[in-house]
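Quick mapping for you: the protein sequence lines, in order, are chains A and B. By the numbering used here, the letter at position 209 of the first sequence is numbered 209, and the numbering carries on one by one without gaps. Converting from the second sequence to the numbering used here requires adding 1000 to each position, the first position being numbered 1.
Fair warning: there could be bad hints in the mix.
To be verified - Restraint-style ranges between C-beta atoms, simulated for each label pair:
| # | chain 1 | residue 1 | chain 2 | residue 2 | range |
| --- | --- | --- | --- | --- | --- |
| 1 | B | D1092 | A | N174 | 38 to 46 angstroms |
| 2 | B | V1120 | A | R31 | 33 to 41 angstroms |
| 3 | B | P1142 | A | Q63 | 51 to 59 angstroms |
| 4 | A | R31 | B | N1169 | 30 to 38 angstroms |
| 5 | B | V1120 | A | S150 | 16 to 24 angstroms |
| 6 | A | S150 | B | G1219 | 29 to 37 angstroms |
| 7 | B | G1027 | A | K157 | 39 to 47 angstroms |
Derived by calculation from the structure, the hints in this document are not laboratory data. Ideal Cβ placement from N, Cα and C applies to all residues, glycine included.
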Amino acid sequence: MIIDFNAYVGQWPFRRLPARTADEVVSLMDRHGIDLSVVSSLSSALYIDSHEGNIELIEEIEQNRKRFIPLAVLNPKYPGWESDLDGCIGYGFKGIRLYPQYHNYALTDDECLKLVSRASEMGLAVSVPVRLRDGRGRHWMDSARDLKLSEVEQLAKRIPSSRIVLLESRDVANTPITECQNVYFETSRMTSVLGGEVTKLIQSVGASRIVFGSGMPLKYALPALLKITLLDEPKEVKDRILCSNASSLLGLD
Amino acid sequence: MTPESLVNAADKLGIDILCCSTPIVKGMPTPEEFRASNEDLLKAMKDYPDKILGYCFVNPGYQSESLMEIERRIVEDGMLGVKLYNQYKCSDPVAYPIVRKTIELRVPILQHAGYITDPVEAALQPNLSNAYDIAYLASLFPEAIIIEAHLGGGGDWEWALKNLRKARNVYLDTSGSVVDAGMIEKAVRYLGAERLLFGTDLSMEEGVGKILDADIAEGDKQLIFGENMKQILERRAR
Chain A
1 MIIDFNAYVG QWPFRRLPAR TADEVVSLMD RHGIDLSVVS SLSSALYIDS
51 HEGNIELIEE IEQNRKRFIP LAVLNPKYPG WESDLDGCIG YGFKGIRLYP
101 QYHNYALTDD ECLKLVSRAS EMGLAVSVPV RLRDGRGRHW MDSARDLKLS
151 EVEQLAKRIP SSRIVLLESR DVANTPITEC QNVYFETSRM TSVLGGEVTK
201 LIQSVGASRI VFGSGMPLKY ALPALLKITL LDEPKEVKDR ILCSNASSLL
251 GLD
Chain B
1001 MTPESLVNAA DKLGIDILCC STPIVKGMPT PEEFRASNED LLKAMKDYPD
1051 KILGYCFVNP GYQSESLMEI ERRIVEDGML GVKLYNQYKC SDPVAYPIVR
1101 KTIELRVPIL QHAGYITDPV EAALQPNLSN AYDIAYLASL FPEAIIIEAH
1151 LGGGGDWEWA LKNLRKARNV YLDTSGSVVD AGMIEKAVRY LGAERLLFGT
1201 DLSMEEGVGK ILDADIAEGD KQLIFGENMK QILERRAR
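Work the whole structure out from these sequences, hints included.
Now the structure itself:
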């Protein structure tokens, strides 16, 4: 079984995507043998009220609910996030995803600390992408920064009860953030057969804090899959990365 | 990264031949420096004669030395073409003698390139060639074979495709860490699979995965993975 911890449904205004609807994303999942995708609303990155994207996401995945695990995108700088968070439980969200680059805040801002603290009290995992696209070719209206590892590290230390899944990171092996036991790492941008970052990370943090993610439908899924399937690691380790770690994080066991 | 680790990674991914270069990416390398860099590559070629082919890297600012180095590396050492980096824009007349030499030897130029939209990143490479520069150069030298490097590592790749569409003697390699979904399909739509060359730029899974994953004809994948480059390599021997 494969769980993709880094997937999206929705609109991305800067480039035409080959898959935008839930049905189209399911087709991509089927093509790659991905059973479940942990998704958040891509539209929420730029909606002024990100919670509207959450509602849209739930409506969109309704017909394919068994294939998706929704994460709510909340903006702690925008009013009403507390009640939006409470409402997310009823909608079936299993965690939250933050886009601080697009919502113009730092992870260590007081409001964000409150949000992460409260979500963690509710048992929700918190996922944060370092970025949603490569900045070298960014659209002129898209000035979002790449997240710094030190910012994530500070958040993890300030809220030790949180479980933070860092998406789209690279060059993390043997950096201080790996010492934060409450930080998990998604592998889509890491080197594997050449450079061996995934292997180094397994050696440094153990296989239990690493999860597979693709970045679909912003990115092709196969490169990320190859990074795990071609690893010189036992099947048990690959299974943890491809499935069981994500399953534990999301309370699916 | 060593030649051995690169070859091992290529073997895992089913890559038969690696067309490599060893450009000096900062400053204005002197003839002594680019000769030494090519010597390193030649050693790797000798260590892995069935696996590694080499592009000869030169700095066009040293014209006579560059032309001598190209002659030596291609004719005597069997290198496959010329690599130009970011010391000068390829549209700068300083590059023209190099282009003429590659036409004479019937070999390609692999041009490091990109259209970087982020101003901070762009400032790091003020003489970075882009697809417009390459298309211009190609129009001046229609007999030249020019390869624009790294569709997936040169910033706004859609901008590159639009500029290269009519530059018929320009190929585009697909390498780089960027794996934006739809990139290869659009490249095939704009340039045709006949003008695309598979590459990694050391982003190994990305390089292979984006071609395999693309929603294009199987025959087009075979062209991109090797058939097109094979024709370029055979051109020299004719």
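Verification of the hints:
no. : hint                                   : result
1   : D1092/B <-> N174/A: 38 to 46 angstroms : holds, 42 angstroms
2   : V1120/B <-> R31/A: 33 to 41 angstroms  : holds, 37 angstroms
3   : P1142/B <-> Q63/A: 51 to 59 angstroms  : holds, 54 angstroms
4   : R31/A <-> N1169/B: 30 to 38 angstroms  : holds, 36 angstroms
5   : V1120/B <-> S150/A: 16 to 24 angstroms : holds, 19 angstroms
6   : S150/A <-> G1219/B: 29 to 37 angstroms : violated, 49 angstroms
7   : G1027/B <-> K157/A: 39 to 47 angstroms : holds, 40 angstroms
When held up to the earlier numbered hints, the structure conflicts with hint 6 and nothing else.
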